[in-house]
Amino acid sequence: MFIRRLGAIGAVAALTFTMAACGSDDTTDTADGGDTGTGEDTGAGGDDGAMMDSLRIGIKFDQPGLGLREGDAYTGFDVQVAEYIAGQLGVDAANIEWVEAPSAQRETLLETDQVDLVVATYSITDERKERVSFAGPYFIAGQGLLVRADETEITGPDTLEGKVLCSVTGSTPAQRIADEYPGVQLQEYGTYSECLPALLSGQIDAITTDDTILAGYAAQDQYAGQLKLAGEPFSEERYGVGTQKGSELCQEVNAAIEAMIEEGAWEQAVQDTLGAADFTPGPGNPPEVVEDCA
Amino acid sequence: MIDILTEYDILGAFWKTIQLAFFSAIGSLVLGTILAVFRVSPVAVLRNIGASYVNITRNTPLTLILIFCSLALFGVLGYALAPRESPTYIVDNAFRWAVIGLSIYHAAFVCEALRSGVNTVPVGQAEAARAIGLTFGQSLSQVILPQAFRGAIAPLGSVLIALIKNTTVAAIISVPEAAALMRVIIENETGSLIVFFIFALGFVILTLPVGIGFTSLSRRLAVKR
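Top to bottom, those sequences are chains A and B.
If you read the first sequence in the numbering used here, its first letter stands for residue 1, the second for the next number, and so on.
If you read the second sequence in the numbering used here, its first letter stands for residue 1001, the second for the next number, and so on.
Computed footprint of chain B on chain A, listed as stretches where at least three residues anywhere in the stretch have a Cβ under 8 Å from a Cβ of chain B: (1) 169-175; (2) 184-191; (3) 199-210.
List time: in silico EDC-like cross-link candidates among lysine to aspartate or glutamate, alpha-carbon distance up to 20 Å: (4) A/Lys129 with A/Asp292; (5) A/Lys129 with B/Asp1003; (6) A/Lys129 with B/Glu1187; (7) A/Lys163 with A/Glu194; (8) A/Lys245 with B/Glu1189.
Quick caveat, the hints were computed from the structure, so don't treat them as lab data.
Where a beta carbon is used, it is the ideal one built from N, C-alpha and C, also for glycine.
If we strip away everything but chain B, and leave its shape as in the complex, we get (with noise of 0.2 Å):
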């Protein structure tokens, strides 16, 4: 066990897996919002869109969907994300694609969490708000959307939770992450049960505080009414 612990290299793995986890948060964070204005809007085309959006990638695997940007896009289409030229090109391509694959994925169940914190707000702001004469989008940005968050803190982190765990997903695409590593070490050492609770204990470390967070941030941060 010890061996297994100095010969190869799991911490950077790992920071491979929290620097994935870091961007595609972000990324989904973003385009999770942006559905969820979507499907609130006032608009039946913007709705249906983002129904739409929400009901496609959430019903597809994710394996599917992160093969398809590095198989389909760029191993036949071409589409590379980093220079030719560059020494990283293949890491730093796969890198970014699984950063894309994870947050289109990881968006549909952001809008979903975000819509249910909107939920959370009730109609009598959003009556007030209009009664006041704020626009659409003023009363959304400024009343609906700030209060939305904080309902939504706790869903929002299940969302966190799992999508650092789905990042293991991006082994499969040349990402050299945690799961890469250990599919390096079960090929060498012959798989055991040691490699797999080091990978286990690996992520229940990055996900246990997450939650813990989170929870303790919903409760700080919920409106009171």
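So here's chain A without its partners, still in its complex pose (with noise of 0.2 Å):
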């Protein structure tokens, strides 16, 4: 035990020492790095040396069609972007340590080093910026309507005078609706899941936040055929993924993000996941990686 132990200590030691050695270079030489530091160990201690090679990504556990947990299955959006970006890094999706970063704490999370990636429906905003450092954005989201598959009032945001909406409480689509439309009804609820059946019943008339989380609630099996998405998004949601702040990773994440664009995954991964909802990206997608990770 305490020779396997040792080990497990050496090639981590071993690891640190190659990565400091080669900085922000190339992320498979660390991985090399990391193999000579577990050679000379019985093999033991191998897998713990591979645990460098890990990342630790903050997802949405509870966001369908972008991040969400059933099992030991994670599937979205977010999660397909969260892979490519750790299989450019030079990280296998087995070795991805997948952590929930509920909107709240998205900057806690990195702030505190309990994550290194955040790729969790996240906004980039001048606020956040002073406590992260943001690559991206790899969607543009707006805010948009949900509405019942028969509805036929509801076509856009100057059609909502006197109907009733649904959101989640302090969320920034909620915020929109209550400053920019005060002829609305905003009923507000913990979660958007909560919104759902009130909406089925009739009890209110459209959920709204981010066009993206509505395709993905649209999406789902138990839904299907009987809602729908109403009229063009009416606000920008740049999406990004969240670094720790001056993170070395980030301007990595840029250039992968980009290849995924270029490589046509990004928009397999928008059929993937949103295709079911008939779900088209918005204007300006797919973006233009332009955050320069300040």
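Join these two chains into a complex; the hints should help.
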């Protein structure tokens, strides 16, 4: 036991050494370094050594179509983006440690080094840039409206007068409705999934938030054919990948996102995860990667 | 920090919290007193009803009760507590359901506090009341309950403090009280300790005087025996 532990420590030490040596160069180099380190051991420490090439990625666990945990499986657009980025950084999908990143905790998770990346419908804003470095954007979402499939009156934000909308307490979309559309009645719940039964029963007329999130719900099997997105998106939310402030990973993530869009994997991921809702990404997609990791 | 204090209507949000706590306190006091009477009544059926109510609601999370009121009773079954035409239909409806939910939940605790108050009244008092020919209702309302309330003031104060803090749960069913505003601020300003401390301080300011007041009341009003 003691020897195994020693081996593991040796592997870790070797890895940190090689990492320090080659700085931000190539990630495959560090992987090789790790292997050499464990090579001296009997092999038992090999797994421990390999753990160092893992990534801790914060995603949503409860957002169908974007980041959803079902048992041990993680599905959704954010998950596919995260896996692609990890692949570009030389990390196997199996070596990703998924961490739940609820909206209010995303900055804290990065600042306290609990995750390396956050890919969780994370809109790039100036306030957040003070605490984390953003790569991306990898998607341009916009506030949309989810209505019952037979709804004809609601066709966009101008047709909402007197209607009852549902959103999440305190969220940006909820605030926008309250500020800019005073004639709208706003029911707020803790999560969007709580809005759904009330929408289907007719007590509320529409759910509003980012169109990606809405499409994720509409694409779920149990709501097939019952819901649709109405009108064009009426705001712009630029989803970025959050990295620790000043992290060297950030530029590499930018390159990975560019590669994903170029290769067509981006288009495929949108189709795979949100396509069932007849969802077409709004204007500006696929986005240009313009964040400078400041 | 100054930005946060000037930009957001924190006092307004706490005023909503106070209103919520005030109406829920009245509701739970009325319902809790009825339940306490049930639990000490000589009728077995009433005693069982009281005991079942207390055991069920006391052991159900408040979040669940409020979600049930707002989502099941209003959202799915459509029992609205405000007229649909009203411009504040949703807000009023949510507030009223929140008062009902909070009252239902805290009535169980009020009932138990009162029952502990009843237990402070010596058996001799009840026997004496019966001996001079008072009915159950008369002896309860004239002899037992007045003393029970005076003996139960301290635990009732604890229930009220818990109630004030529990109003934060109503944020998840659309009541624009303090916790809902805290979510808004965290969303806009990124969560920081300052925001947390502002709201923690707000609740301390609300609950500390309640605690002090009830403690001194309980001393002044205690039945000297």
